[in-house]
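Now for the letters of each chain:
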Amino acid sequence: MELFEESKIRLSFDGRGEFRLLCVSDYHAPEDRDWDERLIRAEEVLLDAVHPDLFMILGDLTHNGALDSRDRLIRYAAAIAGPMEARGIPWAHVPGNHDREEGIPTEVFGAHPHCLSVRGPADLPGYGTYLLPVYPSDGGDEPALLLWAFDSHRGGVWGWECGIPEPWEFRSQTTGFDHGGGVLHRQALWYWQTDRRIEETFGHRIPGVMLMHIPLTEHRLIPTNPSLTGMTGELEESCGIPSVNPGLFAAAYERGDILAVVAGHDHINTFAGRYMGIELSEDGSLGYDVYGSDHLRGGRLLTFRENDVRAFASEHVYLKNCPGAADFLFREGHDD
Amino acid sequence: MTELHFEGECRILLLHSARLTPETVEETSARLGAMIASASPDLVILDGDTISSPAADPRALLDAFLVPLSGLPWTYTFGDGEYKCGTDPRALDRIFSSVPGCIVGERAEGIDGITNAVIPMIAEGTVQFLIRLFDTHRETTGYERDYGSPGRSRLPYPLYSHHYMDGVRFCQTAWFDEDHARRSKEAGHALRELFVFHTPTPEHAEIPLNQAACRFDGVFREDSRCQTVNGGIGCAAAESRDVSAILCGHEETNDYFGTWAGMTLGVLPALACGAWLVTTDGTALSIRRIRN
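The listed protein sequences derive, respectively, from chains R and P.
Mapped onto our numbering, the consecutive letters of the first sequence carry residue numbers 1 to 336.
Mapped onto our numbering, the consecutive letters of the second sequence carry residue numbers 1 to 292.
Chain R on its own, in the form it takes in the complex (with noise of 0.2 angstroms):
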């Protein structure tokens, strides 16, 4: 088996030996037309003020029904996409909870000539887990940074491949929610292994990102010791995470060379902070058309030097900062 799918556009290091990825998440599709304009003007801005060189989408880009056919589906994605496809800017998605529950085919974004977003390995479960290499600015052949990808469900997916039938009246008390999705442990493994793999393929580790919507467990550890990991940006609303661990942060740790976990889905958060060794942080929302905050409004930019790929930066971009953006910034009525 090949430890990199082919992918149509080589990541790679630019000529200054930077790459610069920016997460953004939770678009919810709105129900009243195809798409808002201003999810549309907020890429716009971003792309351009950020320039990035991967831009990831982490999850809910759809909404529950409201996306109600393949045709309005499709010409939603391509309003998405726009922007990154008219830059020519490399850009790829994770599913999110609610993107699950619309049972949206990772085709769909895939389709676009610059949208990289598979579903990965045909033996894991979902719509999108998968690895992103990036490659030195010299045209080696050796990644020197790799970007893994998760899906991370809905509510009740992981009951499911349990054989637990619903509804499972388990509520966790130490993480404060029921079953709302998560990370399964067949993918944790899945990393496990293939960085194993990539390991003995080249003879040492090699650093890298993981990026999902449905934050870990280990993210709510932030907020709760602000001091002790360091932490910067905002917390609105309390982590939405799972109620089970698949021990996917106890599987980083322990292969010692992810750097960062990036997550949506709590769409008022953009706190950063370091937990064992590893940035932990939210991207905020992106969209319109569901709960959000103008002044939060954004997405986490990690810039990487190829000299120094652990020696990464790592911040919230804010729209509301950015070139452009104070004509449509402000959404009718209050920040709900």
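Calculated from the structure, these hints are not laboratory results.
We treat Cβ as the ideally placed atom computed from N, Cα and C, and that holds for glycine.
Some hints here could point you the wrong way.
Stated by the list, open to error - Cβ pair distances, simulated, as ranges: (1) P:Gly148 to R:Ser238: 23 to 31 angstroms; (2) P:Gly8 to R:Phe202: 52 to 60 angstroms; (3) R:Gly256 to P:Pro22: 41 to 49 angstroms; (4) P:Gly148 to R:Thr232: 18 to 26 angstroms; (5) P:Glu222 to R:Phe328: 52 to 60 angstroms; (6) P:Met1 to R:Gln173: 52 to 60 angstroms; (7) P:Gly86 to R:Trp160: 47 to 55 angstroms.
Claimed, not checked - Derived list of chain R stretches under chain P, where covered just means 3 residues or more per stretch with a C-beta under 8 angstroms from a C-beta of chain P: (8) 41-55; (9) 200-211; (10) 239-253.
For this one, chain R is given, so just place chain P on it according to the hints.
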């Protein structure tokens, strides 16, 4: 010896925290003898902290403690006590495994810990189920020492009241995933498993907090002292659908079990408070409390 033959249902006497010392070993051994007389087990499992304080002659302590076994098969896994007692844990492992009647099992190679092992349980010539033992390492510092680097922080885990606790790590979970798949493939069917280890998982801590949903049975007297960084063994076991129960020790006065994701999760009491007789054919499982 790596496997155990039994007939009908298998009766397993499960106990932890014997905490042997020269001063108490005679009394503790008598307690074990009474339990064996009451339970008539096919196998005795010492689930950690059998020796947890400095001992000049661990072998003499074990010999004295295990007199009531009179040839009964037994096995063991290490708790944090074995790592803190002052005797090199690998030397201690050699001492344990050389005591007559010990079933060491098929040891895992190349992963963290010493006492990771599988014991095939055989009846009518075929493997009926597997007992899988995990090493849960030292109570503090071990995980960070093995994987940490400068700048890696160690935090109190605010979801629980205790300080940092090691447990079944992800590398051990992956060992289960891969070893279970291989054995099941070789057997031609999914093999049932019973997990036994010392430090409970975070999922164990949910049982007393979800008493109705988890059909809690027992007593919950002290805060959970479960693992801090979740190594995913509970989730892996549930997703496999092949694990009947995960039975742990570590806590002194708690004595409970319940159902979680189709499995039984249990925390048995320290030997000073009692032990459990687990009766199983690999699928159906019952727990009987043996009081002192």
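Each hint, compared with the structure:
no., hint, verdict
1, P:Gly148 to R:Ser238: 23 to 31 angstroms, "29 angstroms, holds"
2, P:Gly8 to R:Phe202: 52 to 60 angstroms, "53 angstroms, holds"
3, R:Gly256 to P:Pro22: 41 to 49 angstroms, "43 angstroms, holds"
4, P:Gly148 to R:Thr232: 18 to 26 angstroms, "23 angstroms, holds"
5, P:Glu222 to R:Phe328: 52 to 60 angstroms, "57 angstroms, holds"
6, P:Met1 to R:Gln173: 52 to 60 angstroms, "42 angstroms, violated"
7, P:Gly86 to R:Trp160: 47 to 55 angstroms, "49 angstroms, holds"
8, 41-55, "violated (count 0)"
9, 200-211, "violated (count 0)"
10, 239-253, "holds (count 9)"
Going through the hint list in order, the structure does not satisfy hints 6, 8 and 9.
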